[in-house]
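Once you have looked at the hints, place chain B on chain P.
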Amino acid sequence: MATKSTTAQSTLNITAGNRSKLAETTVKFAMILCAVVAIAVTIGIVLSLIFEALEFFKKIPLTEFLFSIEWSPQTAIRSDQVAAEGKFGVIPLFTGTLLISAIAMCVATPLGLASAVFLAEYASKRTRDWVKPMLEILAGIPTVVYGFFAALTVAPFIRMTGGSMGLEVSSESALAAGLVMGIMIVPLISSLSDDVINAVPQAMRDASLGLGATHSETIKQVILPAALPGIAGSLLLAASRAIGETMIVVMAAGLAANLTANPLEAVTTITAQIVALLTGDQEFDSAKTLSAFALGLLLFIVTLALNYISLRIVKKYREQYD
Amino acid sequence: MTNTEVNFLKGQKHLTRRYRAEQRFQWMGRAAIAVSLTFLVFMVSSIFWQGKGALITTKIALTVDLSAEMIDPANIKGASFDKIIKLALRAEFPEATKRKQKKKLYALVSSDAGFQLRDQILENPALLGANQTIWVSASDDVDMLMKGHIDRDKPQSRRRLDDQQISWIDALSVKQVFNTGFFTNGDSREPELAGILSALVGSALSLLICFALSFPIGIMSAIYLEEFAKKGRWSDLIEININNLAAVPSIVFGLLGLSIFLNIFGLPRSSPLVGGMVLSLMTLPTIIIAARASLRAVPPSIREAALGMGASPVQATFHHVAPLALPGFLTGTIVGMAQALGETAPLLMIGMVAFIVDIPGSILEPATALPVQIFLWADSPERAFLEKTSAAIIALLVFLVLMNIIAIILRKKYEIRF
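Residue numbers (this note's numbering), protein chains in the order written: chain P, 548 to 869; chain B, 479 to 896.
The shape of chain P in the complex, shown without the other chains:
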């Protein structure tokens, strides 16, 4: 009797074991499925962009898109209208994007690096604990808020100041958008560079200080050169963020595709044009709508390349000291 019940018990255990094994396989399978979502999303992005962009390049040749210097995507509704053919040259958009990003980097690089050096090398732990989160707030504020501030406070201010100095400033200047964007990416540079500076081995600091260098000399001549690859990586990452930033430029930089290097004029960017092309009424399959995907593909490739390079630099640098 006793043996029989034990056998029954163990049969029960075996079926329970099988059931739990089945459950475990299901759980594991579900987990793999979830992990693959990340790959699926990337594939989805690449496929959707390439597919639509190919449609676009059937209508507008790739060479014209890349090398023509005029951008006016307004295709005519009726064939007899003036400018029946839109112009799809990406160069003015690219230079506009670069101009605004360059202004942003000119603001963010000194601010971000100086903050990072101060926080990593000079600040007491208490200051650090307070200031770091405060700087991080800048990164947490939605970009639409920066855009609103740039368009309604910074741009009129620059226009007024420029006017009083006899300069003609467009109401939607590249400068306003660039300045505000620069402040926005300060925390990105400062926190990444902070990590990099902290990763420089203490022995290097001690050696330099021991030879009689002051703290700032140590930083300038030993620590920053040692941290340079990592800092370059963080700057590239910040630049890719500036290139892909949308709301600030949509609200503050305008839509005029000027080919200019003057920061006081209105320029437009790739992201601002994507928004302009795809909001409002649109017919699908027109060159105008499809061009947004070609722009998106360009944006994706550029930011991906920047990220890839910066990650490689940071990774290579880390291997040196760890």
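Don't read these hints as lab results, they were simulated from the structure.
Be a bit skeptical, because a hint or two may be false.
Here are the computed lysine-lysine pairs in the BS3-like style, where the Cα-Cα straight-line distance is at most 27 Å [to be verified]:
#, chain 1, residue 1, chain 2, residue 2
1, B, K564, B, K578
2, P, K679, B, K891
3, B, K890, P, K672
4, B, K625, B, K564
5, B, K709, P, K862
6, P, K568, B, K708
7, P, K672, B, K891
8, B, K576, B, K561
9, P, K575, B, K708
10, B, K488, P, K767
11, B, K581, B, K653
Frame of chain P; chain B shown alone:
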């Protein structure tokens, strides 16, 4: 002086210079931080300053004729409430006789005044039958005048209200009250009526979808990558993908949503469902990265103890490791949700930029989101929308601060240090 003394003095000078450079260098760091933080404080306080006006609105008292002649008590809804309001205004100022003057007079009250009168009567039918004094919303121009945004000293032609209208307003009894409509109304073309409720509901629905998708998927992939995946080509590939996705510009996710979710799957345009799906793609990397860090912090001894007691790897993970890492999961998710709440660009791509008056009732109805509402209002030319925009930004920031505070509390309270 001997040579040594000269050298000593030179050295002293050199040293002073170096110490001064040291000081300068330190102050540069302080100045950089000060510039960034001043900008932050200036931006936030200027938005608060502009936005506080939106919490106040102007009401005008009118003596309306609610006799049975005007409103049939048996059929209240059939009455012409606009006409009653207009008659009341004309009774107040009989001098307005010309068509143009009348039009100016009517422009003092909001176009919603008739509906407000109707609602008050429906709520309190006892008002019917006699002359009553009721309060209705003033138009946005009157509101701006009362808040001092319209300069009375400017020449008539450069103001939104002319001298006669201002004299009428001064003769009417006007009061400023708390603007409940801002929190209970949907969007409107009339600034005095526009509110953020429809945008808030749209945002909430989108975030709900975003959470429902990204939390389980993110946590499961983190657990898989951290606890089960063998280090190899596949896990490397997944890892590279996650890191790249975290750096892809948000607008690209919008393009993905437009071409795949809308055009291929045919999901409804402008709906919180699609908005939430797009946002979840963006929050996924944030959640996965945070969750993995949190799993890594759980010491191996926990796993080993569970396995030693006979638990299977899945049991060890789900019964012992994951619960310990849960606070970290939640913190990462809330931070990701806060990012999603502030995101605008991808929502523009999938058409959540429509003019939405009604409060969306389901995830399939057209909706807008709070940051998109801010974007729309920021484009409006009326002065009154400026303060509405700022007030909507304040609301958005309050929500973000709340979410982050919750995340910090969770981290502080439940964080387990091993």
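Report the numbers of all earlier hints that the structure fails to satisfy, in ascending order.
none
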